[in-house]
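Using the hints provided, position chains B, C and D with the ligands relative to the given structure of chain A.
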Amino acid sequence: MTDRIITYSEAIREAIGQAMEADPNVFMLGEDIGIYGGAFGVSGDLYHRFGADRIRDTPISELGIVGAAVGAALVGMKPIVEIQFSDFTAQAMDQIVNQAAKIHFMLGGELSVPMVLRAPIGSGTGAAAQHSQSLEAWFAHVPGLKVVMPATAQDAKGLLLAAIDDPNPVLVLEHKLLYKTSGPVTEAAVRTPIGKSHVARTGKDLVIVATGVMVSRSLEAAAALSEKGIEATVIDVRTLSPLDMEPIEEAVRATGRILLVQEAPKHVGFMAEVSARLAEGKSLYSLEAPIKRLCGMDIPIPYAPQLEKAVVPQIPNIIQAVEDLIREP
Amino acid sequence: MTDRIITYSEAIREAIGQAMEADPNVFMLGEDIGIYGGAFGVSGDLYHRFGADRIRDTPISELGIVGAAVGAALVGMKPIVEIQFSDFTAQAMDQIVNQAAKIHFMLGGELSVPMVLRAPIGSGTGAAAQHSQSLEAWFAHVPGLKVVMPATAQDAKGLLLAAIDDPNPVLVLEHKLLYKTSGPVTEAAVRTPIGKSHVARTGKDLVIVATGVMVSRSLEAAAALSEKGIEATVIDVRTLSPLDMEPIEEAVRATGRILLVQEAPKHVGFMAEVSARLAEGKSLYSLEAPIKRLCGMDIPIPYAPQLEKAVVPQIPNIIQAVEDLIREP
Amino acid sequence: MANTISPLFGHNGAPLSESADTARATLAGMLAVRQFEEAVDSLFARGLMHGTMHLSIGQEASAIGACAALEQTDFITSTHRGHGHCIGKGADLTRMMAELLAKQTGYCRGRGGSMHIADASTGNLGANGIVAGGIPIAAGAALAQKMKGTDRVVMCFFGDGATNEGAFHEAVNLAAIWDLPVIFVCENNKYGMSFSTEKSMKVEHIADRAAAYGIPGITVEGNDADAVYAACNDAVLRARAGHGPTLVENITYRWKGHSKSDKNLYRTKEEIEDWKHKDPIVKFENRVIELGVLTREECDAIAADIREKIRASISEATTAPDSDPAELLASVYRAIEGGN
Amino acid sequence: MANTISPLFGHNGAPLSESADTARATLAGMLAVRQFEEAVDSLFARGLMHGTMHLSIGQEASAIGACAALEQTDFITSTHRGHGHCIGKGADLTRMMAELLAKQTGYCRGRGGSMHIADASTGNLGANGIVAGGIPIAAGAALAQKMKGTDRVVMCFFGDGATNEGAFHEAVNLAAIWDLPVIFVCENNKYGMSFSTEKSMKVEHIADRAAAYGIPGITVEGNDADAVYAACNDAVLRARAGHGPTLVENITYRWKGHSKSDKNLYRTKEEIEDWKHKDPIVKFENRVIELGVLTREECDAIAADIREKIRASISEATTAPDSDPAELLASVYRAIEGGN
Ligand SMILES: Cc1ncc(C[n+]2csc(CCOP(=O)(O)OP(=O)(O)O)c2C)c(N)n1
Ligand SMILES: Cc1ncc(C[n+]2csc(CCOP(=O)(O)OP(=O)(O)O)c2C)c(N)n1
Ligand SMILES: [Mg+2]
Ligand SMILES: [Mg+2]
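Residue numbers (my numbering), protein chains in the order written: chain A, 4 to 332; chain B, 4 to 332; chain C, 3 to 342; chain D, 3 to 342.
Worth flagging that the hints you see were computed from the coordinates, not collected in a lab. Owing to the predicted nature of the structure, the values given are computational and were not obtained by experimental measurement. Glycine included, every Cβ here is placed at the ideal spot set by N, Cα and C.
From chain B, some residues computed to sit far from chain C (all C-beta separations above 12 Å):
1. Asp-6
2. Gln-21
3. Arg-256
4. Arg-280
Footprint (simulated), chain C over chain B, 3 or more residues, beta carbon under 8 Å:
5. 55 to 63
6. 77 to 83
7. 102 to 110
8. 146 to 152
9. 161 to 173
What follows is a list of derived Cβ distance ranges for each label pair:
10. Lys-271/C with Asp-6/A: 39 to 49 Å
11. Leu-293/D with Gln-317/B: 51 to 61 Å
12. Asp-6/A with Ala-313/B: 46 to 56 Å
13. Asp-6/A with Gln-317/B: 47 to 57 Å
14. Thr-184/B with Leu-293/D: 55 to 65 Å
15. Lys-199/A with Gly-284/B: 25 to 35 Å
16. Asp-26/A with Thr-184/B: 48 to 58 Å
Chain A on its own, in the form it takes in the complex (with noise of 0.2 Å):
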């Protein structure tokens, strides 16, 4: 099978799609997935495709779908759940943290938890503060989950087959600003593996790692470097955890200077891990200048347009501190 230029969106459609189509366990579970397509339109038609059965509508009760997931994949039910912002995770951390993410542990290992858990991300969309997080940290710092942020049309669906794959509880984070941006992407039910970091770009002077909606914007602003004579590889991590730094370090190696880059506030963010990892390691002495973190930051997403953009890494400020960090001693 080929590639073609479909959207981010309709990838994550087709991957479920097939999984549906070559497992009859694997079934969806959500507000207002049904007639209504889903809030950003991912489930669109699956419904007329599956029937109300497998794309189940639920009532607005976070806590108790995912704990039905949970239930449901304790007996070999392979359920996919979509929660309409990522923001309403906080109705159901009890079902994530203290039940799917520990059942396989705690209970001996007997049984386990195959549960897909997708979340729409990041700010953006003029939603405000309780629309708007990225909560990626929170999930990544829990033993027994699978964290994976896929940053193009191809990883959403390669990374969501995968996580359907896995035997074990993976929350799958998609950015809102991506639903609608379109890549190639291979019909075969290809897989992208979990536990991964991608080079997306190779360039001999830093190393940009980023997640979510800051990869692309990092190669834009990459590409933009590239014009100055500044050549940036980009790294997408991909997955948060369990996190495979061995191509950040490599990076690192070669360039002596990393910039890392995430929406979420920089406080006890993802990016302080990567941070960390490298200055407990060997990679340490290879650093030219200090890391540097570009963040959201310590602040609620505010609605008002230019306030938003204000918060978070734009392609500008990417630029800016890569510049900044060339020029350090």
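Just chains B, C and D with the ligands now, with coordinates in the frame of chain A:
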């Protein structure tokens, strides 16, 4: 007034009592805090002193309780919520994170949420994975919350009093193993300032930064190391958000070596932030060895006593880590 | 100068349609909600407003009839579909409009937008972007009243969908066991987004759920401002007298989609048309004219007056300064008096 | 060799006390729970067991009577006070004891302890340290049965206190709207820790809460194994026939404190004594002897047999290897077949 040796629990109770005497708007809300005296006996006789109205027993409804505290705080009360185990903050995340943390900012600044949330953290009591977590990293990552972790009886009192004064929502994370430990505590209602790290011990060879029960373990380790000729500075972070890096950076400049110790799982934990702050500043150049983190393993807390001990740092592990660190090139 | 409708406070319990003053205030309130939202709808369509928007057009009798049972000093908590509640409690239309236009003069200084309007001066503790998020908060504000010994009550608005959240259950139970002065007003517009109440619950009425908490539950024709007022007034009196909460269910309907992205696939055109024939404003207007309380001309004059207020809100808000990024970082925490 | 009591499966609905076989099994089950917990209590008191422990002594008729309505292939979810449920579903007493003793041979390899015993082979999806944590899980397991078209049911145990959690509300509603094959068995022992049901809710019976979900609710004398069985058997038949969930409330009482740290300040000695006179085991024993179904000697023989099993469980478990730290890191995630 003078100092007495009292327990960490007694110090908390004394703080609450003094705050309730001083301000009729202060009250407590929580499960079994009344005649039962609290799951860990912290509220003790407060019920008899202040009555069922102000030491208010609740049904098992964490989300409802925290939400009620938010509402009461909005209209001028100063609620102190006790969550029986910090693990059950998972039930209340929406009210903590989407409401309490954001209201002041998101609603334009007129309203605020002067609420205190107390919750026991940590392992060591054989209560297994759902009753032993250290989730401070979650809360420290949320703008709008303040997070403190008292490590001594004096700070258990002083930080709580400061938290009650604070017009913002403050989480006070108390370590279960500390409740029965004792120390000198001023009788007067002396505040421990929120937002200041504390140098608990000074030594020239390295700095150990710790939180919660790891502070006393680090001090004990430091005492043992001293007999071997190694002198450690020990810094008690005390406030995780907002974080005061000043004394930590100063100690790094003075010693060149740093060990970060936390009980929580390592991956994307709080100490990653401390490490990242050092690695992105000038302190990086003072390092004579990589930054070392000694953390809980990335594992749910197991029940068996030997397993439970094996997964979080103990005094011998700290000593070992220091010796390794000192030996680094 | 404030650009508000003057809400009714301290009314004596008689039907709103019975006297010219109350009829006028009620009509003005409902028209203000309608026209405010129509204006917002059009600003949005013309690309002059961003974000998302949840309109309560068709539900005006619920907000205005319910708020008419309150005193100035009482509190409300509101929802994502909250413009009506704000206006009913006396919010300044210009500051509301400014908020939606992301202006520094808006209720939230442009930080919150439509879903987060709050107004301490009128006792509005805030709209909420989280379904059911305001319910525990309302219980807590009511607990505070009880502990302080005031006679203020809290009116808590939420939708039918919200009653499926755990927050509803826990909070209503707390209010019940503590006899808190709170009125739970469920605006049952038949859908939580696309999911109908027929599918989301097995009971016929939301009010049936009161049985689980041992409190009274009442189902009301929610498009009849008089009926809503009567039920809420009873509930307010109960609450103020220390007899605890009531669950009031206003049966109503939203004419517009759930939000801007709604294609209305889950309901029929006929259903929407049917409900448009039950327009709460037309119903009330016809009644007061029939009763001879107001004339058609008087009603038209009220509408014209409101139109002027809405127009003023737009022009004043449009020329206000944009919200200011410079003050953001210092706004996350409330500063401690005297420093820390 | 497995050290279990043989639970009743496939019983025909007649009272458990009516035939010698069912009477024997019921008595054995209740005695096993009682003696297991008494043994655990004493091991704990002697410092041979660590952590905390929630004993169900006094509540045995609820667990055993309810499980008697199940088939071997049915599922249960349980609670922090779950020894009775495990035993009722057929768990191996030695593996349970080994778990409490933190042994590698325990149900959870010593990783979970008392609050986390699960047993896939008997359909026990796990005790739970989180109050109400198992309720949504039960709904989900039942949803799976419905989707797969099996005729298996899920029995979901929880306490009175758990019904104040949002999880209860959301999960029961899901089960109701989808007609899921689940039986919600509330063990109402009058207290959630120290907080009595009189204080924690305004309704008289937990079963009253069924009204909010449009499902049947029934209050049962929970210390009468026959009554519990009858109510649960009806509920199981309903569920298996596709008619959805039932809320069964077993009124019972725990003799011991909530956990090891309980000083029983919230209840009177008299209340505890009163309930000891309603001992479910004595009640059942007396009935079967009175009915002439079993003799006193036969009853004593059953008790002696159970004592032997419990003794065996302790001695086997005590000599088992401690749980192994070496395997921990590799146990957090289930390995992917064929690698990833
Ligand atoms: C906890 C949570 N879940 C889901 C949503 C997304 N959402 C916003 S409004 C809404 C429907 C609410 O329905 P209802 O309570 O009936 O209010 P209505 O919109 O009909 O006024 C949903 C699902 C949300 N904002 N919060
Ligand atoms: C979410 C949560 N909140 C609080 C607790 C602490 N806790 C454990 S058992 C218990 C009482 C439970 O009462 P009930 O549901 O009636 O069960 P019982 O103990 O009476 O069998 C409490 C408060 C918990 N484990 N989980
Ligand atoms: Mg609705
Ligand atoms: Mg109980």
